[in-house]
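**Student:** Turn these sequences into a full structure, and let the hints guide you.
So the chains spell out like this:
Protein chains: 2
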Amino acid sequence: MNSNGSWKDKLARRNHLGSWVSTLRTEGTRPTISFGGGLPDPASLPTEALAKSINYVLKNHSEAALQYGGTEGYEGLRELLAKKLSENGTTLKASNFVIVNGASSALAHACSLFIDPGDTVILEDPSYSGSISTIKFAEAKMVGVTMEPGGLDMEMLGKKLKELAKEKISPKFFYSIPNFHNPMGSTMSLEKRKALLEYAREYDFLIIEDETYTALRFDGNPVPSMYILDKGHRVIQIGTFSKTLAPGLRLGWVMGNEEIIEYITSRRTDMGSSPLIARAIAQFIQDGHYEPHLAKVIDIYRRKRDTLIAGLGERCANLAQWTAPEGGFFLWLNLKKDIDPQMLRQAGAEEGVSVITGSNFYLNGGGKDKVRMAFSYVSQNQIEEGVVRVDKVLRRLLSSSKSK
Amino acid sequence: MNSNGSWKDKLARRNHLGSWVSTLRTEGTRPTISFGGGLPDPASLPTEALAKSINYVLKNHSEAALQYGGTEGYEGLRELLAKKLSENGTTLKASNFVIVNGASSALAHACSLFIDPGDTVILEDPSYSGSISTIKFAEAKMVGVTMEPGGLDMEMLGKKLKELAKEKISPKFFYSIPNFHNPMGSTMSLEKRKALLEYAREYDFLIIEDETYTALRFDGNPVPSMYILDKGHRVIQIGTFSKTLAPGLRLGWVMGNEEIIEYITSRRTDMGSSPLIARAIAQFIQDGHYEPHLAKVIDIYRRKRDTLIAGLGERCANLAQWTAPEGGFFLWLNLKKDIDPQMLRQAGAEEGVSVITGSNFYLNGGGKDKVRMAFSYVSQNQIEEGVVRVDKVLRRLLSSSKSK
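As given, the protein sequences belong to chains R and D, one line each in that order. If you count by my numbering, then the first sequence holds residues 1 to 404, one letter each, in order. If you count by my numbering, then the second sequence holds residues 1 to 404, one letter each, in order.
Any given hint might turn out to be false.
[Claimed, not checked] Heads up, simulated PhoX-like pairs for lysine-lysine below, C-alpha to C-alpha not over 20 Å straight-line:
#, chain 1, residue 1, chain 2, residue 2
1, D, LYS192, R, LYS10
2, D, LYS136, R, LYS10
3, D, LYS168, R, LYS59
4, R, LYS194, R, LYS160
5, D, LYS8, R, LYS231
6, R, LYS168, D, LYS168
7, R, LYS368, R, LYS84
[As the list claims (entries may be wrong)] Here's a subset of chain R near chain D, in silico, CB distances under 7 Å, partners left out:
#, residue
8, LEU39
9, TYR56
10, ASN60
11, HIS61
12, SER62
13, GLY76
14, SER104
15, PHE114
16, LYS172
17, GLU258
18, SER274
19, PRO275
20, ALA295
Think of the hints as simulated: they come from the structure by calculation, not from any bench. Note that the structure is a prediction, hence the values are computed from the model and not measured. Note that the Cβ used here is the ideal one computed from N, Cα and C, for glycine as well.
**Tutor:** Printed below as a string of structure tokens:
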């Protein structure tokens, strides 16, 4: 491997990977209405209850909260997670969890365990830009499988797996966001989950199941997770409190079979996540704040989705198509034609609205006829005004761009 | 690289690296007095003032504290760090810092930037076991340079660099703990710092300067940091609030030139450290709690060191030698003979005292005639009683072991 070359060569090589700077804001002439980042509703952040939980922990368990807490994370929280996430007859234990700093950090741990530079990872195409960056920075080769309106193109997956097998390449894992997909908002059917698991067994790869938005279901019935369907043999689940409670807590988890969790725990050298935060969240749950808060924000996000869809239906029905997501933060617009991402940013800034161009989420180009709109952060009033602005932006760009 | 082989091979290969489970406690028949881990004094953890700061932040900046805070970390805290760490005419700016989850996490970030499997890193031998694990898990080849009672063996360093150069190997960095070394307690002289920098320039490697314990100086004068001596050209400093405030906050920093900081910030995909914690610490500092707290704990640790050294002087002078550290958490015992680490653990458990055997800190074996004693966590009374127990343990083991 690269023992030669100085550290400067290394920086230069890594610089070729590009940087990942999330663009949540654009500059404009008036306050921008942001359908950009996947941020929770600011008014509903459970500030007071969290303050109470933190104060309780600092008062009653100050030493445990302020010393090191171990690389596995606070057992009380892992037990609560095990209870909460057990379903369909599968009983999880605290030892199926390791507490980490959010889902992004969970994915980074999985990459550091399984990826050497040059290894192959399969992803849904499009997928979440932050996760693409994490996998790219691990210097994996990324193979994308098209997400169609009906979900993952299983035929294409089969073909790609066969091609890789011919080249004697074992993909290390498949990274999937099965529920309320980022950016598409879609949910993977039970049938496709089973088919994906079949492929994973046949070609011997892992599945990383990103459950960041799973708890935020507005309607419809939950689909069993691949972890549960597989009984955790070759599925690693990652989750977070960032969307349900608050991103600033930086707390999430990896859920896996005990062998995997033991590997992560024993090879983790960051001295663990904050026991203060982990204990505060456990206290928050134990005091009965979690379920009512979840019900409240689910209601908020459902109404926001409905307002957005109603507004778009009124104005933009001849510019774009969309499918209502059953949960999560995102609506995915399919435009009638390609538009230029740079011009979308520019026009959005001029009109005072920001959305994210689909091209941010594709592995190999494409997505110029897609737009991701997060309805989570904006208020109801902003959504109504925002749709007016989005309509203006799209009309301007679509009338000036070429037909598909 | 290794595109072949399944994920199981990868786990198996990585398993060969061993695990890192810090052994802070041993089982015994009576409550153990622990000179093991580098934990702060529990009674002095600034629980109330931290609770106040957290409450203030949640009350006045709740949205900023609970949403994502950016990968560079809270600017207010970076500004305070820049002010606090500027010295000798070098003016630091907020842009010289990125906030991370403790010094261990800071080192992991540096490794992920500069280390590919097979790259070479030079370390002081002995060095901190956690850092050795971090560098080992990055699959670097580690070259140790002996730490003598007078500090780093510069002649040996020169020789090893020449040997590496002959094999056309550029070491990526030298990892150093110049102040109150872990485990040795020693401080690198100005002369040796300058010589190390000379070598870094001649052989074109970076220096990672771990300042975990630097703020905790009991006596003597501070020695200028290598970062300051070098004006940050090829020195990256890492620091933490774990030893001065509380490990459970999981907050530290990387300090470097703007190019390095920009690299870390833009390639970081964990969505940053907790803005709630970063803002609470900034508030704690701004409210004037930090300097008095630091003075208080410095006084506590100085007295603990003195009590330990007085006790050992009374009882163990004919069993071991030591040099009083001018700061930090650790005293390093040089025993008259080798002892068996397993038997040290066993005898300690029986007597109800735990210390850490020197062999945990060496790269290539050795250290069986050394013991690290952390005087930070134990109370004054425990130190007095602990020395009685350590004396018994050492007498037992040294009388039964072979002479050097």
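**Student:** State for each hint whether it applies.
**Tutor:** Cross-check of the supplied hints:
Between LYS192(D) and LYS10(R) the CA atoms are separated by roughly 28 Å; this puts the pair beyond 20 Å, and the hint is violated. The suggested pairing of LYS136(D) with LYS10(R) holds, with an alpha-carbon distance near 18 Å, which does not exceed 20 Å. Note on LYS168(D) and LYS59(R): the hinted pairing is violated, with a Cα-Cα distance of about 58 Å set against a maximum of 20 Å. Pair hint LYS194(R) plus LYS160(R) holds up; C-alpha atoms about 18 Å apart against a cutoff of 20 Å.
Of the pairs offered as hints, the one joining LYS8(D) and LYS231(R) holds, with about 18 Å between alpha carbons and a cut-off of 20 Å not exceeded. For the suggested pair LYS168(R) and LYS168(D), the alpha carbons sit about 33 Å apart, so the restraint of at most 20 Å is broken. At most 20 Å may separate the alpha-carbon atoms for a hinted pair to count; LYS368(R) and LYS84(R) exceed this at roughly 40 Å. Residue-level restraint check for LEU39(R) holds (minimum Cβ-Cβ distance to chain D is 6 Å; threshold 7 Å).
About 10 Å separates the beta-carbon of TYR56(R) from the nearest beta-carbon of chain D, more than 7 Å, and the hint is not met. At about 11 Å, the closest approach between the beta carbon of ASN60(R) and any beta carbon in chain D exceeds 7 Å, and the interface hint on this residue is violated. Because the beta carbon of HIS61(R) sits about 10 Å from the nearest beta carbon in chain D, more than 7 Å, this interface hint is broken. Restraint check, SER62(R) versus chain D: the minimum CB separation of about 4 Å is within 7 Å; hint holds.
A hinted interface residue such as GLY76(R) counts as satisfied when its beta carbon comes closer than 7 Å to some beta carbon of chain D; here the least separation is about 14 Å, so the hint is violated. Of the supplied interface hints, the one on SER104(R) holds, with its beta-carbon coming within about 5 Å of a beta-carbon of chain D, less than 7 Å. Interface hint at PHE114(R): satisfied, since its Cβ lies 5 Å from the closest Cβ of chain D, which is below the 7 Å cut-off. With its C-beta approaching chain D no nearer than about 5 Å, LYS172(R) sits inside the 7 Å limit, and its interface hint holds.
Because the closest C-beta pair between GLU258(R) and chain D is about 13 Å apart, greater than 7 Å, the hint is violated. Given hint, SER274(R) at the interface with chain D, holds; its Cβ is 4 Å from that chain's nearest Cβ, closer than 7 Å. About 5 Å separates the beta-carbon of PRO275(R) from the nearest beta-carbon of chain D, less than 7 Å, and the hint is met. About 19 Å separates the beta-carbon of ALA295(R) from the nearest beta-carbon of chain D, more than 7 Å, and the hint is not met.
When the structure is compared with the earlier hints, violations turn up for hints 1, 3, 6, 7, 9, 10, 11, 13, 17 and 20 and for no others.
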